[in-house]
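Listed in order, the protein sequences are those of chains A and B.
Number 38 in this note's numbering belongs to position 38 of the first sequence; there are no gaps in the numbering.
Number 32 in this note's numbering belongs to position 32 of the second sequence; there are no gaps in the numbering.
No wet-lab data here; the hints were simulated from the structure.
Treat the hints with care, as some may be off.
As a list, the in silico PhoX-like pairs of lysine-lysine whose alpha-carbon atoms are at most 25 Å apart [said to hold, decoys possible]:
#1 B:514 x B:554
#2 B:85 x B:165
#3 B:12 x A:30
#4 A:41 x B:12
#5 B:99 x B:19
#6 B:245 x B:286
Bear in mind the structure is a predicted one, so any value in this text is a computation, not a measurement.
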Amino acid sequence: PIPAQTLSCRAFFWLVSLLLSSLIWFIAVKASDPHDEPLQKGLLIFGVMFSVLLQEAFRFLYYKLLRKAIEGLVALSEDGCSPISIQQMAYVMSGAFSMINLLADALGPGTVGIHGDSQLYFLTSAFMTMVLIFLHTFWGILFFHGCEHRRWWEITAVVVMHLAVSGSTFCNPLYVGSLVPSYLLMAAAAVWAYHLSGGSAQNLRRFLLCK
Amino acid sequence: SGSCQGNSVERKIYIPLNKTAPCVRLLNATHQIGCQSSISGDTGVIHVVEKEEDLNWVLADGPHPPYMILLDGNLFNRRVMLQLKGTSRVSGLAVAIAKPNPPQGFSPGLKCPNDGFGVYSKDYGPQFAHCNKTVWNPLGSELSYEDFDFPIFLLEDANETQVIKQCYQDHNIPRGGSGPEYPLCAMQLFSHMHAVTSTVTCMRRSSLQSTFSINPEVVCDPLLDYNVWSTLQPINSSGKVDPEKEVIIVATRIDSHSFFWNIAPGAESAVSSFVTHLAAAEALHKASDIHLLQRNVMFTFFQGETFDYIGSSRMVYDMEKDKFPLGLNNIHSFVELNQVALRNDSVLWMHTDPISRLNGSVEAKVRNLLDTLRNSSLGANVSLQEAEFSQPLPPSSFQRFLRARPIPGVVLTDHQTAFQNRYYQSMYDTPENIHMQYPEGLSPEETLEYVTDTAKSLAEVATVVARALYRLAGGANNTSAIQADPKTVTRMLYGFTIKMNNSWFQSIIKPDLKGILGDEVPQHYVAVSSPVNTTYLVQYVLANLTGTVVNLTKEDCQNPEKVPNSEIEMYEYAWVQGSLYPNSTLRVPYCVRSAVHLSKALSPAFELRQWGSTEYSTWTESRWKEIRARIFLVASKELEIITLLVGIAILVFSLLATYFINAKADVLFSIPREPGAGAY
Numbered sequence: 001p002i003p004a005q006t007l008s009c010r011a012f013f014w015l016v017s018l019l020l021s022s023l024i025w026f027i028a029v030k031a032s033d034p035h036d037e038p039l040q041k042g043l044l045i046f047g048v049m050f051s052v053l054l055q056e057a058f059r060f061l062y063y064k065l066l067r068k069a070i071e072g073l074v075a076l077s078e079d080g081c082s083p084i085s086i087q088q089m090a091y092v093m094s095g096a097f098s099m100i101n102l103l104a105d106a107l108g109p110g111t112v113g114i115h116g117d118s119q120l121y122f123l124t125s126a127f128m129t130m131v132l133i134f135l136h137t138f139w140g141i142l143f144f145h146g147c148e149h150r151r152w153w154e155i156t157a158v159v160v161m162h163l164a165v166s167g168s169t170f171c172n173p174l175y176v177g178s179l180v181p182s183y184l185l186m187a188a189a190a191v192w193a194y195h196l197s198g199g200s201a202q203n204l205r206r207f208l209l210c211k
Numbered sequence: 001s002g003s004c005q006g007n008s009v010e011r012k013i014y015i016p017l018n019k020t021a022p023c024v025r026l027l028n029a030t031h032q033i034g035c036q037s038s039i040s041g042d043t044g045v046i047h048v049v050e051k052e053e054d055l056n057w058v059l060a061d062g063p064h065p066p067y068m069i070l071l072d073g074n075l076f077n078r079r080v081m082l083q084l085k086g087t088s089r090v091s092g093l094a095v096a097i098a099k100p101n102p103p104q105g106f107s108p109g110l111k112c113p114n115d116g117f118g119v120y121s122k123d124y125g126p127q128f129a130h131c132n133k134t135v136w137n138p139l140g141s142e143l144s145y146e147d148f149d150f151p152i153f154l155l156e157d158a159n160e161t162q163v164i165k166q167c168y169q170d171h172n173i174p175r176g177g178s179g180p181e182y183p184l185c186a187m188q189l190f191s192h193m194h195a196v197t198s199t200v201t202c203m204r205r206s207s208l209q210s211t212f213s214i215n216p217e218v219v220c221d222p223l224l225d226y227n228v229w230s231t232l233q234p235i236n237s238s239g240k241v242d243p244e245k246e247v248i249i250v251a252t253r254i255d256s257h258s259f260f261w262n263i264a265p266g267a268e269s270a271v272s273s274f275v276t277h278l279a280a281a282e283a284l285h286k287a288s289d290i291h292l293l294q295r296n297v298m299f300t301f302f303q304g305e306t307f308d309y310i311g312s313s314r315m316v317y318d319m320e321k322d323k324f325p326l327g328l329n330n331i332h333s334f335v336e337l338n339q340v341a342l343r344n345d346s347v348l349w350m351h352t353d354p355i356s357r358l359n360g361s362v363e364a365k366v367r368n369l370l371d372t373l374r375n376s377s378l379g380a381n382v383s384l385q386e387a388e389f390s391q392p393l394p395p396s397s398f399q400r401f402l403r404a405r406p407i408p409g410v411v412l413t414d415h416q417t418a419f420q421n422r423y424y425q426s427m428y429d430t431p432e433n434i435h436m437q438y439p440e441g442l443s444p445e446e447t448l449e450y451v452t453d454t455a456k457s458l459a460e461v462a463t464v465v466a467r468a469l470y471r472l473a474g475g476a477n478n479t480s481a482i483q484a485d486p487k488t489v490t491r492m493l494y495g496f497t498i499k500m501n502n503s504w505f506q507s508i509i510k511p512d513l514k515g516i517l518g519d520e521v522p523q524h525y526v527a528v529s530s531p532v533n534t535t536y537l538v539q540y541v542l543a544n545l546t547g548t549v550v551n552l553t554k555e556d557c558q559n560p561e562k563v564p565n566s567e568i569e570m571y572e573y574a575w576v577q578g579s580l581y582p583n584s585t586l587r588v589p590y591c592v593r594s595a596v597h598l599s600k601a602l603s604p605a606f607e608l609r610q611w612g613s614t615e616y617s618t619w620t621e622s623r624w625k626e627i628r629a630r631i632f633l634v635a636s637k638e639l640e641i642i643t644l645l646v647g648i649a650i651l652v653f654s655l656l657a658t659y660f661i662n663a664k665a666d667v668l669f670s671i672p673r674e675p676g677a678g679a680y
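Build the full structure now, drawing on both the sequences and the hints.
The structure is reproduced here in structure tokens:
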């Protein structure tokens, strides 16, 4: 049985990486001219990219930590939680954290739109959060598999996909430009992760028909 | 304000309205007046009402009640307000102040101000009680004294009003015959009041809380402040004046009110009278033989007179209970100035009380008083005329003194019967109402010094009053030196009606009080925390105009009890800032010695704990936590429900999927794992 601490550890690592990247962005913004629009936009893009790289770095650190913990354990559980569930809980927590300020404002009587933004803001934010949770889950599997088997191209693929998804959010409020590619990438990552975890098309057919 | 003010999502949703004034709840012994909102604010779809026909949409036709009305200032009258009060389709009201002032006049005050608390009652002049003979404020719609169960806010900034109207134009206009479509522009007003029912209830609850609770939750506060008084010949403010010594009291009020909280410009109803009074005090001090005069003169500025004579009733009470240096028996006569800026053909009317004049000796003294006044007006551009004998006194502080003793007295006004002031106790009682006009293009300093016609007219009235007081006090010399200065009058008018933060006011106050001088329009509401800015400024202006500069150092001036011969019972010493050196930020402070004192203006009903009193004022103001307003878009109920249902569906689906994947994991994942990979 895996110690429960590793679950909160994963969420904690993700939060710390976010905190560090937002600190860097905050300092950069304060040090720059607030009225220079292109500069602010550029700083935001830089901030997002830096945050992505930092999150992936922390994912790697977490992997290292987990390897050390596992080496220290004698008894390993044979049954088991599927490789998805524990980490998934951690990612859901991260997703909830990222949504929470949005949810707090959604409690009031008003909805987004008085300055011309789209009315579907809350709905699309919710879908985006969902797709990110799934993506993080699948990326975790891919990343750890790549670290385990020294397949660096798997790790690079994860980083590139993460950058692509985060970059696509700059298409907002053209929500088609961010949601559609993210869902497509999620489908691709799902298939790949399923394959790496020991699944195959044959298993899938048996699962669906045996229903 | 919310804990995450300025959070970017919140900024996408809400536009806060910053320049607003709420209507709050006031209570007296038997009633509550004003407005109330729900504890979490009232929300409604905005509808702009610029003409009467627009009301039909709100009251009957509109498909998305309740509505928040943006009302044009010219429609803010009793008829419209009672229609809105009677319907449940209105959740709140925002009034856009009318510019220029409504030409037909506007007064939310009573037709018969302070009725029942003056001298006329069923025992004294019943034919005059309840304005039977003369209605003083015929334009009064009595709106301030109604009780509304929805919030009402005033929009002071025309730019904010335009933002709201633009939002309304973009989203709420019905298109193609049918109703407008979601999302709709809505407004939310927060002004939840804690006190209910009456002063009796709220003071009882507050006193229970204060007695028994560790963290008392007081729900209302009595209206209170300080009266400012000063005497021509200094008296011992903590002792008692010799009962043989006679005093003439000059009185004015210094407060006003309107429908909205802390909006009380009161140019004609308060400022005109107390500025004239201050100028008369300065003029009288120019006489050379003040200390030889047979009688003393007391200049009194009453606070809270708008609310059933709080200040004057308290002073009379203190005099009766010997808590004031003077007693009622010391009073020789009484002169009051009420609303003197709108004189028609330079006529100033003298009002007296017909009931007390039925007594022979009082009649003789009143005759003498009126003759002295008339004689003092010779040569000035003021024509004093007596109001009809069978007419009662207008609402005035003198009535409270008459309740206690039949004192000979006169009230000077610019109106013979009904008020000349068509904006009595309203937000439109502004400098324009008293015809203060300045030429274009003046800097603030030049505007301060420019002598308007209004200032000249008030200075003439002040001169007449000062000369009459000199004669009444027993002065026999020539009165040509007793002259009010229009330059002082115009500076006072500017400071009290346009901007308090000017160089003259800055130079006459103490250094630690300079924060009270604001740049916004001065308001003269009595409020519940004291003293208010108006009281401080009247005190310091009076000290500057009637006091003397003494050669004391700062330490001596701030600790006069250590200085020999300082006579601190008679005088007050103040270390004031002084004026600026030219081209510098340094000031030349100095010490002013004056005979100006403050006396508490809290209704005796609260001292005696008689909260249901019908004899003394029982006005209180409710407490509240937050007052704010904001606008935003609201989504249709359908969209909200769809969002919720989609969310629930996804949740249920994912729970089911997780269960089945978990149950059939051995089917889905067939390759056995190497031990090294570990179950993470």
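Status of each hint after checking the structure:
1. B:514 x B:554: At roughly 17 Å apart (the allowed maximum being 25 Å), residue 554 of chain B and residue 514 of chain B satisfy the hint.
2. B:85 x B:165: holds (23 Å)
3. B:12 x A:30: Judged against 25 Å, a Cα distance of about 22 Å means the pair holds.
4. A:41 x B:12: Holds: residue 41 of chain A and residue 12 of chain B sit about 18 Å apart, inside 25 Å.
5. B:99 x B:19: holds (16 Å)
6. B:245 x B:286: The given pair, whose Cα atoms are some 22 Å apart, holds under the 25 Å limit.
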